[in-house]
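A.B. asks: Take a look at the letters that make up each chain.
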Amino acid sequence: MSSTHRWLNRTLLAVLGLILVAVGALTAAAGLVPDVAEAWTSTGATAVNGLPALLASAPLTADTSWWTIAALALVVVCVALLIGWIASQGGGRTSTVGRQGSAMGNTTVETSLVADALRTALEENGQILAVAVSSWRVRRQTGLRVRVQPRRGASPGAVVAAANEAIAGLDTLLGERIPVLVSVQTGARTRFTRTRRVD
Amino acid sequence: MSELLHTRRLLRRETHSSRAGASVTAAVVGLLGLAWLGTEAVLSLLDQPPLVANPPSMLQWAADLPESTLPWGLAAAGIGLALIGLVLLLVAVTPGTKALHVVDQDRTAVVVDSEVIAAAVSRRTRQEAGLDPDQVSTRVDRRRITVDVRPTSGSPLDESTIRSAVEDELSGYGLRPEPTVRINIRHEGALGI
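As they're listed, the protein sequences go chains W and V. With the first sequence counted from 1, adding 2 to any position gets you our numbering. With the second sequence counted from 1, adding 434 to any position gets you our numbering.
No lab work stands behind these hints, which were simulated from the structure alone. Hints should not be assumed to be uniformly reliable.
[What the hints assert, rightly or not] List of simulated lysine to any residue pairs, SDA-like, C-alpha gap at most 20 angstroms: (1) V/LYS532 with V/PRO505; (2) V/LYS532 with W/VAL38; (3) V/LYS532 with W/ARG149; (4) V/LYS532 with W/ARG8; (5) V/LYS532 with V/PRO613; (6) V/LYS532 with V/HIS450; (7) V/LYS532 with W/GLN91; (8) V/LYS532 with V/SER594; (9) V/LYS532 with W/THR113; (10) V/LYS532 with V/ARG610; (11) V/LYS532 with W/ALA123; (12) V/LYS532 with W/THR6; (13) V/LYS532 with V/THR614; (14) V/LYS532 with W/GLU178; (15) V/LYS532 with V/PRO590; (16) V/LYS532 with V/GLY467; (17) V/LYS532 with V/ALA516; (18) V/LYS532 with W/SER44; (19) V/LYS532 with W/HIS7; (20) V/LYS532 with W/THR70; (21) V/LYS532 with W/PRO61; (22) V/LYS532 with W/THR48; (23) V/LYS532 with V/SER452; (24) V/LYS532 with V/LEU625; (25) V/LYS532 with W/ARG12; (26) V/LYS532 with V/ALA454; (27) V/LYS532 with W/ALA64.
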């Protein structure tokens with residue numbers, strides 16, 4: 003539900019995967035095919051022999067080269083990009099559901115108001131143990147996630163019906179229909195409570 | 435209309451993995467490697483002794499790899515790398531669907547955990563056949579629900595009544611796609627229940 007860039011994740015993982023497959027295939031081929039091993043060694047030898055000349059071509063001081071600095075800068079840039087990738091995971095949770103502006107000022111609806119309303123409406127239901135409400139901003143639009151933890155063995159049909167009724171009430175309360183996702187899931191409290199034998 | 439579209443987007447985000455875990459793992463492994471490379475480069479710039487090897491000798495090592503390593507060792511290492519790459523590719527390409535079932539609704543998007551459905555089906559079966567909780571277990575897959583019943587020894591059960599009860603229970607959920615039901619009544623009965 004968070005605003006993680008899913009396509010970015012998948013694209014980068016696919017690119018990394020392809021690189022690893024290519025490198026792995028090349029390495030395996032070098033082990034299995036003598037010609038590839040020979041080509042590898044000769045290319046490597048050219049690179050090793052050419053390195054001093056390359057480093058000398060752009061000297062910074064007597065024994066350091068601009069190329070070393072450039073390589074180091076490349077490493078730093080890659081590190082920054084990877085940190086950016088990690089930082090881009092998750093996010094998007096907000097504490098306001100909606101905002102309306104007029105000449106008189108702005109009105110914001112906090113998520114806690116919606117959460118309280120839904121919790122009061124749903125927790126009276128004997129089949130529902132816990133309700134958690136969070137709001138998420140995904141692609142410039144706010145959506146609500148309502149996590150409902152039913153009692154063990156409760157019929158999802160009844161639970162969903164109760165949730166829908168509560169959300170219809172929320173619609174009239176707010177006068178606006180926010181996108182809502184209801185997730186009926188088990189949790190710690192479901193596991194530690196017994197089934198209702200009588201219902 | 436945009437509200438409906440957004441609801442569907444939320445539904446997709448809830449039922450499919452974001453691959454955040456794999457991404458963070460890959461990025462951390464990459465960061466560790468780069469941090470090491472960067473440290474070695476800085477150490478060699480400052481004329482300090484390297485941690486493991488300085489950059490020129492790393493290049494030399496890579497160039498001599500086919501000569502200094504046993505061929506099968508190189509092949510095994512290559513296959514290992516390729517396998518890791520293949521796993522990453524699979525993670526990127528497969529949908530990563532979670533064990534959640536989508537329920538048809540107009541106003542909201544609704545998903546139900548497989549475990550919740552399994553518990554409800556077990557409860558209904560138990561009530562229908564008058565069994566103890568230990569005698570019924572249900573397994574919910576994407577498209578199939580398997581109810582495993584162990585009847586009380588000496589009192590046989592009718593499969594069709596259980597099946598119709600389970601189907602009646604499921605018809606109220608509106609699962610999409612609708613799963614098929616399999617009732618599996620075991621031959622050995624339970625004693626002392």
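A.B. asks: If a hint holds in the structure, say so; if it does not, say that too.
C.D. replies: Results of checking the hints against the structure:
no.	hint	result
1	V/LYS532 with V/PRO505	violated (42 angstroms)
2	V/LYS532 with W/VAL38	violated (43 angstroms)
3	V/LYS532 with W/ARG149	holds (16 angstroms)
4	V/LYS532 with W/ARG8	holds (15 angstroms)
5	V/LYS532 with V/PRO613	holds (16 angstroms)
6	V/LYS532 with V/HIS450	holds (6 angstroms)
7	V/LYS532 with W/GLN91	holds (18 angstroms)
8	V/LYS532 with V/SER594	violated (31 angstroms)
9	V/LYS532 with W/THR113	violated (27 angstroms)
10	V/LYS532 with V/ARG610	holds (14 angstroms)
11	V/LYS532 with W/ALA123	violated (29 angstroms)
12	V/LYS532 with W/THR6	holds (17 angstroms)
13	V/LYS532 with V/THR614	holds (19 angstroms)
14	V/LYS532 with W/GLU178	violated (31 angstroms)
15	V/LYS532 with V/PRO590	violated (37 angstroms)
16	V/LYS532 with V/GLY467	violated (32 angstroms)
17	V/LYS532 with V/ALA516	violated (27 angstroms)
18	V/LYS532 with W/SER44	violated (50 angstroms)
19	V/LYS532 with W/HIS7	holds (18 angstroms)
20	V/LYS532 with W/THR70	violated (47 angstroms)
21	V/LYS532 with W/PRO61	violated (56 angstroms)
22	V/LYS532 with W/THR48	violated (51 angstroms)
23	V/LYS532 with V/SER452	holds (10 angstroms)
24	V/LYS532 with V/LEU625	violated (38 angstroms)
25	V/LYS532 with W/ARG12	holds (16 angstroms)
26	V/LYS532 with V/ALA454	holds (14 angstroms)
27	V/LYS532 with W/ALA64	violated (60 angstroms)
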